[in-house]
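Protein sequence lines, in the order shown, are assigned to chains A and B. Everything in the first sequence is counted per full-length UniProt numbering, starting at 1 for the first residue and increasing by one. Everything in the second sequence is counted per full-length UniProt numbering, starting at 1 for the first residue and increasing by one.
By construction, these hints were calculated from the structure, which means they are not laboratory data. Some clues are possibly wrong.
What the hints assert, rightly or not - Heads up, incomplete: computed chain B residues facing chain A, CB under 7 Å, no partners named:
1) SER510
2) LYS514
3) VAL607
Idealized CB from N, CA, C, for every residue including glycine.
Each chain, written out:
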Amino acid sequence: MGGTIWLFLFAVIMAAALLFCMVFFIIMFSDLESDYINPIDLCNKLNQFVLPENIAHGFLTILFLISAQWIAFLLNAPLLLFNANRIRNKNHMYDATEIFRTLPAHKKESFIKLAFYLLSFFYYLYRMIVALIADNE
Amino acid sequence: MASPAEQLPPGWASEWEPTNQRLLFIETATGHTQWEHPAETAGALQQPALESPPVASAPGIHHSKRRQYAAGQTQAYYGGADETSMMQQPMSQPPPQAGMEPQLFTPGLAATSAPNQFAMQQGQAQPQYFDPSQGQQQPDYLNGQQPSYGQPNPNALADQFGQMGLGGPKPFSLQTANLLTSPPDPRELSLPPPEIRLPPNATVTPSQFANADPSYQRCTLNAFPNSSSLLSKSKVPLALIIAPYRTVSENEPPVPLVTDTVIARCRRCRTYINPFVQFIDGGNRWRCCMCNLSNEVPQMFDWDQTRNQPGDRWSRAELSHGTVEYVAPTEYMVRPPQPAVYVFLIDVSHAAVQSGMVATATRTILENLDRIPDEDERTKIAIICFDVSLYFFSLSPGQTDPTMLVVSDVDDVFLPKPTDLLLNLAEARTGGGLESLLTRINDMFKENSIIGSAMGPALQAGYKLMVPIGGKIIALSASLPSLGVGALKNREDPKILGTAKESGLLQAASTFYKTFAIECSRAQVTVDMFLFSSAYQDVASMSCLPHYTSGQTYYYPAFNAARAEDALKFAHEFGEVLAMPIMLEAIMRVRASRGLRMSSFHGNFFVRSTDLLAMPTVSTNQGYAIEIQIEETMNVPFVVLQTAILHTTCYGERRIRVVTTAYPVTSNLSEVFASADQVALAVLLANKAVERSLSHKLEDARDAVFNKLVEILQTYKSSMTAAGAGASAQLAVGENLKMLPVLILGLLKNVGIRQSAQIPPDIRAYSQALLTSLPAQLLIPYIYPSFYSLHNMPPEAGTVGPEGVIMPPPLPLTSERLERHGLFLIEDGQNIFLWVGRDAVPQLVMDVFNLPSYDVLRGGKTTLPTLDNPFSQRVNAIIQKTREMRRGVYYPHLYIVKEDGEPPLRLWALSALVQDRADVLPSYQQFISSLKEKVNGNGGY
Numbered sequence: 001m002g003g004t005i006w007l008f009l010f011a012v013i014m015a016a017a018l019l020f021c022m023v024f025f026i027i028m029f030s031d032l033e034s035d036y037i038n039p040i041d042l043c044n045k046l047n048q049f050v051l052p053e054n055i056a057h058g059f060l061t062i063l064f065l066i067s068a069q070w071i072a073f074l075l076n077a078p079l080l081l082f083n084a085n086r087i088r089n090k091n092h093m094y095d096a097t098e099i100f101r102t103l104p105a106h107k108k109e110s111f112i113k114l115a116f117y118l119l120s121f122f123y124y125l126y127r128m129i130v131a132l133i134a135d136n137e
Numbered sequence: 001m002a003s004p005a006e007q008l009p010p011g012w013a014s015e016w017e018p019t020n021q022r023l024l025f026i027e028t029a030t031g032h033t034q035w036e037h038p039a040e041t042a043g044a045l046q047q048p049a050l051e052s053p054p055v056a057s058a059p060g061i062h063h064s065k066r067r068q069y070a071a072g073q074t075q076a077y078y079g080g081a082d083e084t085s086m087m088q089q090p091m092s093q094p095p096p097q098a099g100m101e102p103q104l105f106t107p108g109l110a111a112t113s114a115p116n117q118f119a120m121q122q123g124q125a126q127p128q129y130f131d132p133s134q135g136q137q138q139p140d141y142l143n144g145q146q147p148s149y150g151q152p153n154p155n156a157l158a159d160q161f162g163q164m165g166l167g168g169p170k171p172f173s174l175q176t177a178n179l180l181t182s183p184p185d186p187r188e189l190s191l192p193p194p195e196i197r198l199p200p201n202a203t204v205t206p207s208q209f210a211n212a213d214p215s216y217q218r219c220t221l222n223a224f225p226n227s228s229s230l231l232s233k234s235k236v237p238l239a240l241i242i243a244p245y246r247t248v249s250e251n252e253p254p255v256p257l258v259t260d261t262v263i264a265r266c267r268r269c270r271t272y273i274n275p276f277v278q279f280i281d282g283g284n285r286w287r288c289c290m291c292n293l294s295n296e297v298p299q300m301f302d303w304d305q306t307r308n309q310p311g312d313r314w315s316r317a318e319l320s321h322g323t324v325e326y327v328a329p330t331e332y333m334v335r336p337p338q339p340a341v342y343v344f345l346i347d348v349s350h351a352a353v354q355s356g357m358v359a360t361a362t363r364t365i366l367e368n369l370d371r372i373p374d375e376d377e378r379t380k381i382a383i384i385c386f387d388v389s390l391y392f393f394s395l396s397p398g399q400t401d402p403t404m405l406v407v408s409d410v411d412d413v414f415l416p417k418p419t420d421l422l423l424n425l426a427e428a429r430t431g432g433g434l435e436s437l438l439t440r441i442n443d444m445f446k447e448n449s450i451i452g453s454a455m456g457p458a459l460q461a462g463y464k465l466m467v468p469i470g471g472k473i474i475a476l477s478a479s480l481p482s483l484g485v486g487a488l489k490n491r492e493d494p495k496i497l498g499t500a501k502e503s504g505l506l507q508a509a510s511t512f513y514k515t516f517a518i519e520c521s522r523a524q525v526t527v528d529m530f531l532f533s534s535a536y537q538d539v540a541s542m543s544c545l546p547h548y549t550s551g552q553t554y555y556y557p558a559f560n561a562a563r564a565e566d567a568l569k570f571a572h573e574f575g576e577v578l579a580m581p582i583m584l585e586a587i588m589r590v591r592a593s594r595g596l597r598m599s600s601f602h603g604n605f606f607v608r609s610t611d612l613l614a615m616p617t618v619s620t621n622q623g624y625a626i627e628i629q630i631e632e633t634m635n636v637p638f639v640v641l642q643t644a645i646l647h648t649t650c651y652g653e654r655r656i657r658v659v660t661t662a663y664p665v666t667s668n669l670s671e672v673f674a675s676a677d678q679v680a681l682a683v684l685l686a687n688k689a690v691e692r693s694l695s696h697k698l699e700d701a702r703d704a705v706f707n708k709l710v711e712i713l714q715t716y717k718s719s720m721t722a723a724g725a726g727a728s729a730q731l732a733v734g735e736n737l738k739m740l741p742v743l744i745l746g747l748l749k750n751v752g753i754r755q756s757a758q759i760p761p762d763i764r765a766y767s768q769a770l771l772t773s774l775p776a777q778l779l780i781p782y783i784y785p786s787f788y789s790l791h792n793m794p795p796e797a798g799t800v801g802p803e804g805v806i807m808p809p810p811l812p813l814t815s816e817r818l819e820r821h822g823l824f825l826i827e828d829g830q831n832i833f834l835w836v837g838r839d840a841v842p843q844l845v846m847d848v849f850n851l852p853s854y855d856v857l858r859g860g861k862t863t864l865p866t867l868d869n870p871f872s873q874r875v876n877a878i879i880q881k882t883r884e885m886r887r888g889v890y891y892p893h894l895y896i897v898k899e900d901g902e903p904p905l906r907l908w909a910l911s912a913l914v915q916d917r918a919d920v921l922p923s924y925q926q927f928i929s930s931l932k933e934k935v936n937g938n939g940g941y
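Could you build all of it, start to finish, from the sequences and the hints given here?
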């Protein structure tokens with residue numbers, strides 16, 4: 001059962017990275033609100049991270065799928081679909097001209113994602129520990 | 001200034017106090033000193049109230065009256081007001097005895113017990129709020145004058161202030177009208193908005209200009225709810241409608257200019273000093289009206305710099321005018337004022353040359369070279385032509401023949417020459433080089449058969465040319481961009497018109513138009529678009545650029561210069577755009593009293609931070625709508641909203657325009673309703689509808705507007721009428737909101753929003769661009785056109801009266817008013833329709849059109865001949881006045897519409913009659929009854 005340990009170890013690290021990514025997003029949004037950054041720079045900066053974040057999350061989800069971790073996969077599937085739909089409609093990037101109008105929605109989304117990654121972080125940790133114990137026995 | 005010492009009473013001496021920059025008066029016997037002139041205070045000393053706090057004063061006795069007035073105000077604010085304000089009453093006021101009486105009454109009592117007396121006191125200048133015979137249809141502001149802008153008699157206002165000081169603020173008299181029985185009357189749209197009734201002594205000077213004119217800044221509610229719960233209870237949206245740079249006609253007062261660069265601002269909230277601040281501490285400090293911080297009055301505030309002597313504080317324009325302009329010192333400049341730069345991008349592809357656009361445009365530029373603002377000879381100009389390549393024109397100083405440089409690599413645009421492409425306008429004209437270039441462009445490309453347009457690369461080239469300076473790109477294009485960046489595809493698909501997918505056609509197809517707009521905004525570049533194509537041109541994408549760079553889109557569908565009317569319209573509008581005073585590098589910010597926050601912004605600009613709007617150049621006559629949120633409960637008597645725009649004029653001067661308005665705060669729902677401004681509401685809802693139609697569906701936008709109206713009516717019914725939440729046979733609304741339903745109906749039937757599967761997306765996109773950028777004065781006729789009957793107009797209509805040409809009375813927009821033998825005029829600010837009935841008598845046709853009978857008359861675009869008969873001259877005068885009375889550059893086309901003429905034109909003209917049923921769109925009666933059903937149906941919310 002060594003594979004499961006490594007898978008969840010990897011998942012924990014990824015979840016932590018995504019978590020930090022979301023914290024960064026939220027900090028940037030509040031910077032925008034308090035006028036420390038202008039919307040053009042903000043969008044240029046954040047847009048660099050949007051696709052990597054989505055890809056990282058998608059990769060993790062696919063990994064769960066091929067290693068037949070059904071619960072973990074099902075947990076992540078809705079977010080994957082959400083992201084995929086956004087990319088398909090070409091509105092995944094932040095638009096500097098609309099950012100102030102959509103800022104509350106963006107913030108809300110980032111907070112929800114933050115909570116999700118936090119929960120999944122602990123879930124993966126739990127699963128990793130469970131796998132470790134199972135391995136020891 | 002006459003020496004005050006000469007007029008001193010015996011026993012007094014005066015001394016100049018250099019530290020305070022004013023005269024000190026000393027009573028020699030006692031050693032008592034005071035700032036006031038003893039002769040003036042002698043009388044007042046008997047009044048105990050006047051004695052205490054030192055008076056905020058300017059030196060000199062000439063203004064002592066004003067000075068005391070201000071002092072009275074300061075005290076009135078702290079409570080001991082009555083005696084002093086009594087004293088200030090002009091002689092026309094009733095004797096003290098009678099004057100004391102209203103102090104005791106409660107407003108409700110007064111209405112029953114002493115209406116006559118009150119009316120008598122108020123005289124003509126006072127609206128008769130207390131007239132018991134008020135139940136009739138007329139709103140109260142029809143009866144009397146208002147203390148609004150342009151009121152001839154300032155004493156009337158002072159009277160009113162005095163009255164208010166005695167009687168306390170009177171409640172708004174909310175009058176309910178029944179929409180079912182009172183048809184809309186278009187005359188009500190030209191009435192001023194509900195009066196802003198500020199508490200007494202809110203202003204430091206008794207000026208009637210203290211609140212900015214509503215045409216500069218108006219609010220959907222002229223009395224602010226004190227808490228967000230009251231606001232949400234009323235369901236009326238709260239927003240500011242501003243048009244800070246509207247053009248000022250000759251018979252209007254100009255915006256006063258403060259030239260001495262003494263700019264008093266609050267240290268904390270950066271509010272500019274305005275008529276609503278208070279002077280405290282003997283006039284050495286002022287208390288900010290927004291954040292209550294006490295600030296020092298600048299040293300030079302009371303110093304007249306032109307004459308180098310103590311000046312009169314109360315004559316400063318910023319203390320008496322709601323709209324002022326300051327000359328800003330160097331601290332307000334990021335870089336030295338830049339010259340105005342105009343870059344013309346002219347499409348010279350086959351379609352453009354064939355339509356005559358190139359010839360008309362170059363001729364118009366040539367003719368208007370003198371009108372382009374260039375007072376200090378710094379203005380720069382460049383001309384770039386484009387089809388599938390870019391053609392630059394270089395002209396070195398002294399050269400008379402321009403050289404053309406062709407760049408055919410449109411994938412990676414570069415400037416062929418580092419200098420001499422951007423020409424100094426005055427220098428380029430000295431050798432006649434620019435003139436010869438402009439006269440030759442059309443001949444150069446006359447035989448051009450290239451089809452295609454490298455619009456995107458041309459924009460980039462223009463941008464590169466001017467990026468260090470900023471300025472304005474004027475792009476004229478007659479075809480869909482097909483090459484290089486920003487190339488667009490023809491996405492017009494008749495099948496998806498009228499479906500949910502239609503709003504996709506109204507959004508930008510390529511991200512280039514948004515990202516490039518942001519680049520432009522950063523480099524202080526504005527783009528104006530002139531579009532001419534007869535085929536699909538994707539106005540929706542192209543108008544993005546003007547939208548975010550505070551430019552404007554102009555659209556001339558199927559332009560053909562061979563038609564004199566087309567050429568005339570374009571030449572006139574283009575010429576006006578060129579002659580427009582250009583304001584550069586502008587930023588706009590709206591500040592408001594504590595508890596208020598600007599939450600969202602509508603209009604042509606780029607939102608650069610939460611409350612900062614960036615406008616590379618400011619166009620005159622653009623309107624903006626800003627929604628306001630109430631964040632905390634407000635316990636102040638009034639709130640102040642201040643719009644400030646920092647910009648550089650085309651004469652190289654940095655200036656700040658400040659527009660200030662104050663609104664009373666109320667905790668009373670009926671006052672909120674009674675103070676709602678229907679015109680401002682309609683403007684706001686138009687802006688919101690367009691925004692919603694882009695992010696959602698057109699249908700959602702229409703529903704949102706309709707539901708908003710239903711909500712307002714429901715709340716009105718349940719809280720303001722006896723019917724409460726139950727069903728009611730009438731549909732009640734405040735007298736001041738009576739026109740709102742018909743305005744909303746007009747909006748729902750406007751081309752930009754209307755439910756239809758036949759409107760080409762270009763026309764819709766252009767209409768939406770207009771809906772979001774026109775100021776209220778132009779937007780209201782655009783959604784609710786003016787309609788006049790000409791054949792039976794009153795004899796004085798069309799003749800010149802004291803205020804210019806007298807217009808006939810406007811009619812409600814319904815075809816019931818059309819008569820078969822009549823001549824009618826319908827006008828929406830963009831087009832004028834002259835409707836001729838089929839039984840028009842030959843004499844009428846002869847008089848107006850110089851044709852023998854109705855049968856030979858042809859419909860369509862036309863210019864009306866001026867004939868040698870009074871009727872023709874009057875009709876022409878009315879059309880002329882119609883074209884002039886609206887601000888803005890637009891020169892409406894005149895269409896002759898025959899009653900049995902070609903159906904498309906006839907239907908178009910009839911679609912302007914918004915109270916009629918058309919297709920699936922309801923008539924006013926149907927609209928009102930569906931409103932009533934909705935209001936009654938969901939009454940018990």
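Hint check, B:VAL607 versus chain A [nearest Cβ-Cβ separation less than 7 Å] | B:VAL607 check passes; min Cβ-Cβ to chain A is 5 Å, inside 7 Å.
Interface hint outcome for B:LYS514 [beta carbon to chain A under 7 Å] | holds (6 Å)
So, B:SER510 near chain A? Judge it on the closest CB pair being under 7 Å.
-> Interface hint status for B:SER510: violated (11 Å vs cutoff 7 Å).
Going through the hint list in order, the structure does not satisfy hint 1, though it satisfies all others.
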